[in-house]
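Protein chains: 2
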Amino acid sequence: MSHSYLDMINDYRDLYRLKLEEKNRLCGEIRQMIIGVATENGGHLASSLGAVELVVALLSVFDPMKDKIVFDVGHQAYAYKILTGRKDRFHTLRQWGGISGFPKREESPYDHFDTGHAGTSISAAIGYAKARDLLHQSHNVIAVVGDASISNGMSLEALNQIEELKTKVIIVLNDNKMSINFPIGGLAKHLSHLSTNPSYRKMKDALRSACKNLPLGGSLIEESLKKLKYQIKTALQPINMFEALGINYWGPFNGHNLEELEEVFKLAKAFDESVLIHVITKKGKGYAPAEENPTKYHGVSPRRPRPDAEIVSWSKACAECVEKIAEKDNRVVCLTAAMEEGCGLSRFKKRFPDRFFDVGIAEEHMLTYAAGLAAGGMRPVTFIYSTFLQRAGDQLYHDIAMQKLPVVISLDRSGLVGEDGETHQGLLDIPWFKSVPGLIIASPRDVADMEFMFSNLIKNCDMPAIVRYPKGDAPKRLARDVDAPCAPWLKAEVLRHGREVLLIGHGGVISMLIESCNKIADIYNIDPTLVDLRFLKPLDLETLNKLFVDHSLVIMAEESYAIGGIGEQLLGFAQRVNKHIRWEHMAVPDLYVPHGAKDEQLRYVGICCDEVVKKVSEYLETAPR
Amino acid sequence: MSHSYLDMINDYRDLYRLKLEEKNRLCGEIRQMIIGVATENGGHLASSLGAVELVVALLSVFDPMKDKIVFDVGHQAYAYKILTGRKDRFHTLRQWGGISGFPKREESPYDHFDTGHAGTSISAAIGYAKARDLLHQSHNVIAVVGDASISNGMSLEALNQIEELKTKVIIVLNDNKMSINFPIGGLAKHLSHLSTNPSYRKMKDALRSACKNLPLGGSLIEESLKKLKYQIKTALQPINMFEALGINYWGPFNGHNLEELEEVFKLAKAFDESVLIHVITKKGKGYAPAEENPTKYHGVSPRRPRPDAEIVSWSKACAECVEKIAEKDNRVVCLTAAMEEGCGLSRFKKRFPDRFFDVGIAEEHMLTYAAGLAAGGMRPVTFIYSTFLQRAGDQLYHDIAMQKLPVVISLDRSGLVGEDGETHQGLLDIPWFKSVPGLIIASPRDVADMEFMFSNLIKNCDMPAIVRYPKGDAPKRLARDVDAPCAPWLKAEVLRHGREVLLIGHGGVISMLIESCNKIADIYNIDPTLVDLRFLKPLDLETLNKLFVDHSLVIMAEESYAIGGIGEQLLGFAQRVNKHIRWEHMAVPDLYVPHGAKDEQLRYVGICCDEVVKKVSEYLETAPR
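These protein sequences, in sequence, are chains A and B.
One point on numbering: in UniProt numbering, the residue at position 443 of the first sequence is 443, and numbering is uninterrupted.
One point on numbering: in UniProt numbering, the residue at position 26 of the second sequence is 26, and numbering is uninterrupted.
Don't take each hint at face value.
As the list makes no split between identical chains, a pair holds if one copy fits it or if it spans any two.
Taking lysine-lysine and the DSS-like style, the derived pairs with C-alpha atoms no more than 27 angstroms apart in a straight line are [claimed, not checked]: (1) K168 / K349; (2) K350 / K328; (3) K168 / K404; (4) K316 / K328; (5) K579 / K546; (6) K579 / K614.
Derived by calculation from the structure, the hints in this document are not laboratory data.
Small disclaimer: the values here were computed from a predicted structure and weren't measured.
One chain only, chain A, in its complex shape (with noise of 0.2 angstroms):
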């Protein structure tokens, strides 16, 4: 390259004095750029790839600055967020204290609405867009989203709203047809036959060709819109869905063709309705192994030492788990809301093609067509982030857990969740969940005790049930002997018996506690009790209240928010057994916590081997010796 054109730029306002031909080299230059950062820091690399020349189309004719841009979910924003000020921040991507994954109103004032979760865009979008009507302003809102997107429930919630809110909204459907794996449902099928149907290509020639022959400005423009108008509406008949819901329907456009990409939003910039642009891109665009794997390239992780061979992921484990199950037993079906590779799932719908369901971003609808399955006779195993099922929260209560269905959810990526960031962070699951009645949640520490929870579960219990486990690497066997049984069922275990200091956890943290005790002994002389909860509901009050009456420290930890933790909840109990106990609730503050490395997020929040050792400090400074 002789020189380039990403150095010559400060931000997308150096945009307008680009030829065509220079923005095509820039768009190729933005592609190196992302590929680096995100193989390096990690990140959602093929769908940002897939979105740059909308990016550029985007910024070359509408203002950031008073014009709304809303990103659905926020993948396809890397280059948005190199030509709006943060090109030479771009290397801190999704690294602590360096500039998020995805949009964020905070970081940046051309940052319109905070994403992260699917199908919000068209929402937000309209409420912008309603806001400037009543507000007398004049600015463009547009909402781009991708094909999965578009399906999930809230965008067609939005969608059918359209019409009777009679504002103008420029929604841009960036069709990749992946989803994040593959097109899901009818909607996906709709939109291909949308892509070849001759009558819409012929829409847009005529389209261009106005285009190319509007004086831009002036009066001529409205009257050659009138007509554009008119014949936009007679030339899509037959109606597809979006006319059907009374959007304006433009499409398919080539999304790697910016001349054309500019054309057609000026065009939706005049026009005086709502209107859907129908893009067609190619996930993982310019970079040859994402666009061979877009699925492998969706979110790549950061670059890391080369894992031991042994070592593997919860996600993997849960998936061969239940996978073993199935061998035996033909009424276990899984289910995932697009998250087939995320949650391991790729072997299991490989051997078991017709009792594995990935229903597309539709959390909601997944839990109850679980619930259907389950009341059908079938033991379903549903897997999904803990995140995105704070979106199906009331289908697990009124569709799930009142019924006692015998659904279980195996549920990925729960606590701090590292480099994903603030909308990604599983904290919620316990205090919104631990409060359904007739629900079992188990955290297992490790793979054999996690093992014994799912088999319990499918075979013995028929309960609804939450399996939660962490993001990142799962032990084989912690604290453990080889062959020895797991603890009972629905009891806590205790896995150094101690005195003075008690200290209680589940899940991933168990491992830092042990650390801990090693630390607390060594310092201190004093051989602290470490007990698992295993089961976070019911809880093993049995084992926990003989414990409280000759403890005088406890310290609880656990990756949840503090506020409906189940230290909050365990204190109660306690207290009422022991009234002198001082109680330390090691979890997660008030807040919102940032994206970084997972380390630096428990560091961040308190939850680690050092902040235990420093609470004994504190506490045998203080306590009657």
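Use these hints to put chain B onto chain A, whose structure you have.
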């Protein structure tokens, strides 16, 4: 009436021997029974009246002993209850110990899925259908869903999934053009377009004649159906929205014509693919007041003594308060999810039509739409029942609170709700939302404080907030001097300064606690202290910690689940200040509270004056004096 058909039959099996004319007369008798009971006990009168022929036709064609019929919401199911073994108990509808107003699996083997919240039936039905396929069974699965429920995001997610699953499910769309108030959105318009489109009417005629000529049984039927299928496919060009999603659409049919309904149900039963049957009914059919004003008769209250004209409901008081604020602040807009009447918003809508939005049964969309409005400079107030906010917990967390957007949620029907029962209790809002960082949660005890809270939230406090209030009557002033200002912002209020016993509460329980104070003073000669928390987040620890120091019994009462309630959280603070406090948390135990009068429910869960007195008595017996 010479003799009663309803008296003559035991259940739906007796329908088989009735002639068409006799069934029609039976429908009239069922309507009379529904009107009699629902106007006495309260209930969802208008919807159930509209669906009598629909239910009779379903039960004439399908056998609910093996076929699975899933009613969405369940408002339409009264005739179904009467005809499936619950005729003699129907007079106990919605009463404590009586039959539920909604389908309940525990109540009857004919109720195949518990409902109450909208939009669940299609998901549940396809779950049942897929389970049937996997278990090689052969029964029919039918979802009966209203035009309001089908536009809920969850229904749309499920519709999107049907084609892909290659299973057969029959969806009966009961279109009464009503939603709870009136039709919302593009889909409603589309349905009305389909209702009048001649090509569909032609289809209907084709179906009817085909149906009549079908020799039901034998192999001829298959050939006829094959032909018919082709006819259907071709007749339905241009495609409609359902066809766009790959679902066969038949209709519209007259939902009060038994003969037509039975014909089409028989055909759907024999058809080998999923089909959506569009049926037009009249809400309130057969009861003149309800036909004329179906919104008013959507849900009717139990017959009770005529209330004092001075008494106002919480819903009405809140709506009027926001209306007053909106007069002076044109940034204020009101949103509701199909609860205009229920939340008392009709007058607001009339006065400020441009600033009122009923989004239909789309709680998720509503909250993020409100977030967009707030981001765009408005001050949205969203009116929603506590139980339905469970549907949009993630939107509250992810789209409103995380971005610190000034959306106020006016949370109606929080706490126990009486006759609607399990599915509609508002017991989760505290456990779920107290853990959302940055949210303010207010719980006023009377209208005066409610007005102060709304006014401050909208005028002075740019924060996301919930104002939580119960179902029923609002005291205008409670433990408050006329013209005395409200307690300071975010502060708890000590209503009575006493000693030894500290009663803590908020919202609806305060009047019960005042009564308890008087009883305790009378019986034990102890003057308790009474504090109204007013704000559940943030908690006023300054005031509380002072009180914890010199009281030895705390009774904290709240209409919330105990697990996750504020009482659980407060104990941690109390214990740090005073280890000798005896702590009694009077809240809802870990179970689902059944339907019945609210008084019965309060006694059942032990939130009442007698329990407070009992706890004081127990304390006095054991405490050192």
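Results for each hint:
In the homo-oligomer, the alpha carbons of K168 and K349 lie at most 27 angstroms apart only across protomers (22 angstroms), although the nearest pairing inside one protomer, at 43 angstroms, exceeds that limit. In this assembly of identical chains, the alpha carbons of K350 and K328 lie at most 27 angstroms apart only when taken from the same copy (16 angstroms versus 63 angstroms across copies). In this assembly of identical chains, K168 and K404 lie within 27 angstroms of each other by CA distance solely across copies; the values are 26 angstroms between and 46 angstroms within a copy. Proximity of K316 and K328 under a CA criterion of 27 angstroms is satisfied intra-copy only: 19 angstroms inside one chain copy versus 58 angstroms between copies.
With identical chains, the CA atoms of K579 and K546 are at most 27 angstroms apart both within one copy (14 angstroms) and between copies (19 angstroms). In the homo-oligomer, the alpha carbons of K579 and K614 lie at most 27 angstroms apart both inside one protomer (23 angstroms) and across protomers (23 angstroms), since each shortest distance falls under that limit.
Of the numbered hints listed earlier, not one is contradicted by the structure.
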